[in-house]
Amino acid sequence: MRRALGTNALSLVFLAFFAVALAGQALAGWQDFNNEASAHDEEGVSLGRYLVSSSFGNAVLENWQSEYLQFTLYILLTVWLVQRGSPESKPPGEEGTESDAEQRVGRHARADSPAWARARGLRLWVYSNSLVLVMATIWLASWLVQSVTGWTAYNDDQVTHGEPTVGWGGYLGSARFWESTLQNWQSEFLAVGSMVVFSVYLRQRGSPESKPVGAPHSSTGVEG
Amino acid sequence: VGAGGDQRSMRVVFVTYLLVIATGLVLYAAIGLAHH
Numbered sequence: 014m015r016r017a018l019g020t021n022a023l024s025l026v027f028l029a030f031f032a033v034a035l036a037g038q039a040l041a042g043w044q045d046f047n048n049e050a051s052a053h054d055e056e057g058v059s060l061g062r063y064l065v066s067s068s069f070g071n072a073v074l075e076n077w078q079s080e081y082l083q084f085t086l087y088i089l090l091t092v093w094l095v096q097r098g099s100p101e102s103k104p105p106g107e108e109g110t111e112s113d114a115e116q117r118v119g120r121h122a123r124a125d126s127p128a129w130a131r132a133r134g135l136r137l138w139v140y141s142n143s144l145v146l147v148m149a150t151i152w153l154a155s156w157l158v159q160s161v162t163g164w165t166a167y168n169d170d171q172v173t174h175g176e177p178t179v180g181w182g183g184y185l186g187s188a189r190f191w192e193s194t195l196q197n198w199q200s201e202f203l204a205v206g207s208m209v210v211f212s213v214y215l216r217q218r219g220s221p222e223s224k225p226v227g228a229p230h231s232s233t234g235v236e237g
Numbered sequence: 368v369g370a371g372g373d374q375r376s377m378r379v380v381f382v383t384y385l386l387v388i389a390t391g392l393v394l395y396a397a398i399g400l401a402h403h
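Same order as they appear, the protein sequences are chains S and W.
Add 13 to a position in the first sequence, counting from 1, and you land on the number used in our numbering.
Add 367 to a position in the second sequence, counting from 1, and you land on the number used in our numbering.
Keep in mind that the hints were calculated from the coordinates and are not lab data.
A virtual CB, placed ideally from N, CA and C, is assigned to each residue, including glycine.
The reader is advised that the hints may include incorrect statements.
[As the list claims (entries may be wrong)] To give a feel for the contact side, a few chain S residues facing chain W, derived at Cβ under 7 Å: (1) A17; (2) L23; (3) S24; (4) V26; (5) V65.
[Claimed, not checked] Pulled a few chain S residues facing chain W out of the computed Cβ check, cut under 10 Å: (6) A154; (7) S160; (8) W164.
For reference, chain W alone in the conformation it holds in the complex (with noise of 0.2 Å):
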């Protein structure tokens, strides 16, 4: 581990944090318009 994986943790939490904003959206997006 060192600068090299330090990288690769960082990137992880920046691409969770957005894939859980992305799921969020769409799926709520998604179920709203289901119904209409």
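If we strip away everything but chain S, and leave its shape as in the complex, we get (with noise of 0.2 Å):
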């Protein structure tokens, strides 16, 4: 068991701070709702209610779709372009999918490749592109789901101000859809790309998403 949790430290943490900053979010949203409800003489939601929301779902769902299409973008940009000297690219001239041999598949596969690795045709082309297809399904899942919910909440506020309801296809057209959409995509992008560029010349003793602190400003592709 604690062999267990050692091992497993990195997603493990990643997956408590995911659920303690979901439940503080639950709890200020609520209280914003709330303290809105009570701005336009209405009455408050409980917890259990604000939880099922739209309103809440819809919060968490903009943030949800955003971070799956940067990472859906960085992996499957990665294999095409290059950045000379970060860690995070491969060196230039390297650039696609690389050989069967470099990548094990086929009858290149070893003892110890997954079995998937070792087949042909669809069942291969799936397994070899399965990170990008599933971050990019749940990009596109949670992305879809944000302008569900955000419709809701949308009509919701429109019913509120007693002005007509709008259809999905609608709010899809909305000022309020690709604000909440783009405001979220620019801090990914410009995050990610600060990453790689910052990873040039900057340093962490220890990371793997670092070089090593001795290595050359013009070393590409080299982790620590």
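Now that you have both chains on their own, put them together as the hints suggest.
Structure, rendered in structure tokens:
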């Protein structure tokens, strides 16, 4: 048990951070929701009711979708695009999906390779792209759910203000939907881009996200 | 505990993350659609 906790510490700590931050968001969001309600002379809701509201779901999902978009793009773009000096990048000249031998697939699979790395055709293609396929699916699904919960919350606001409700398509074309989407995208793109560039010149001793402290600025794709 | 236990615990965290994400997506999709 103790060993299992230790060997999975990174993913378990992030899961715990997620749970604590989500609980904090729920409490703060509930308070804010009820403050808004009392400002409009409306009744507040219980915490349980707030947790199953479109308003809370929308706030959660709009952040999920941008994070998964970020990782989807990062995984995909680093196949073909390089940044000289970055440990996050492959060395220039190695752009592309690489040979079967380098990727240890098909007849180049080894004894300890996953079974699907030995497969051919569609199964091999699916497994060869499974990380991006799953991350992209979560991105698109959470963006879709963001749009549905946002649409419901938007129409609730419209009703409160005595204005006409809109259809889902109408909400997809609304300024509210695109503002909530793009405000998350811009921060992700800046953070990823800066990580790629900063890691050329800056170091964190002991982190696999950084080059070794003594590695030259020009060395690319070397993780410490 | 050995390689088998390590494999099991790795699978448990993998499936836990997938379940958390799937639960959030399905729950809020249902909640968002229930109003319409």
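Results of checking the hints against the structure:
Below 7 Å, beta-carbon pairs count as interface contacts, and A17 of chain S has one with chain W at about 4 Å; its hint therefore holds. Using the Cβ-Cβ criterion of 7 Å, the hint placing L23 of chain S at the interface with chain W is not satisfied: the shortest such distance is roughly 9 Å. About 5 Å separates the beta-carbon of S24 of chain S from the nearest beta-carbon of chain W, less than 7 Å, and the hint is met. A distance limit of 7 Å between C-beta atoms decides the matter here; for V26 of chain S the minimum to chain W is near 11 Å, and the interface restraint is violated.
The beta carbon of V65 of chain S comes within 6 Å of a beta carbon in chain W, closer than 7 Å, and the hint placing it at the interface holds. Given hint, A154 of chain S at the interface with chain W, holds; its Cβ is 5 Å from that chain's nearest Cβ, closer than 10 Å. Contact between S160 of chain S and chain W, as hinted, is supported at the beta carbon level, the nearest pair being about 8 Å apart and thus within 10 Å. With a least beta-carbon distance of about 7 Å to chain W, the hint placing W164 of chain S at the interface is held under the 10 Å criterion.
Figure legend: structure checked against the earlier numbered hints; hints not met, in rising order: 2 and 4.
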